[in-house]
Every structure is written in C-alpha cells, then in structure tokens.
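Student: Sequence:
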Amino acid sequence: MHLRHGQIPRLPDIVVWPRSEKDVQKIIELAMSANCAIIPIGGGTSVSNALECPDYEKRAVISMDMALMDKIIWIDKENLTCRAQ
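Under numbering that gives the first Met the number 0, think of the first position of the sequence shown as 0, with each following residue one higher.
You may find that some hints are simply not true.
Said to hold, decoys possible - The calculated lysine-lysine pairs, modelled on BS3-like cross-linking and capped at a C-alpha distance of 27 Å, are: (1) Lys-25 - Lys-76; (2) Lys-21 - Lys-70; (3) Lys-70 - Lys-25.
Think of the hints as simulated: they come from the structure by calculation, not from any bench. Given the structure is predicted, the values throughout are model-derived calculations rather than measurements.
Could you put the whole structure together from the sequences, leaning on the hints where they help?
Tutor: Here it is in structure tokens:
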C-alpha cells in the first residue's frame, strides 16, 4: 500500500536466508554482537505490518527470511504431529 501512495518505507539493511537451526543461531549471535535488529519473515503476508522496518529504529535492520527452512524433521503418524523447521 505504501508504494501505491508514493511512500517508500525504510528498507532492511540486509536480507538473510538461513537454511538450518545453526544458521539462525549464528545470525542471531552476529546481530547481537553488532547491535542489529532482526525482523523474521515467515509467510510474508504482513497483514499486521509486522514486516515493516520502524522509522524510529536507529540500528541496522536484518530481515531474516525463513523460506529455506523447509525440512520435515520427523512425523508421528499415530498422533498426527510432526516437527518441521
């Protein structure tokens, strides 16, 4: 909607695509050591505007897109549950 109204909101400084839990941990550690904010992206619908970089945020912003975290770890057919990353 911003672009339709000619408004360009603040954009992330960097976008990362972790592939594993270890990647996520490393990104968080690096962000903490560099005092960066992280905005995680899941489905990407942003109906609540949660993906927008706040104008008041002075730190660098890392957008962490979880799209590559698509592995099924295990399936429990009896209980109809699974663990996915």
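Student: Given the hinted pair Lys-21 and Lys-70, is their Cα-Cα distance within 27 Å?
Tutor: holds, 14 Å
Student: Taking 27 Å as the top limit, are the C-alpha atoms of Lys-70 and Lys-25 close enough?
Tutor: holds, 19 Å
Student: For the pair supplied as a hint, Lys-25 and Lys-76, is the alpha-carbon distance within the 27 Å limit?
Tutor: violated, 33 Å
The earlier numbered hint that this structure contradicts is number 1, and it is the only one.
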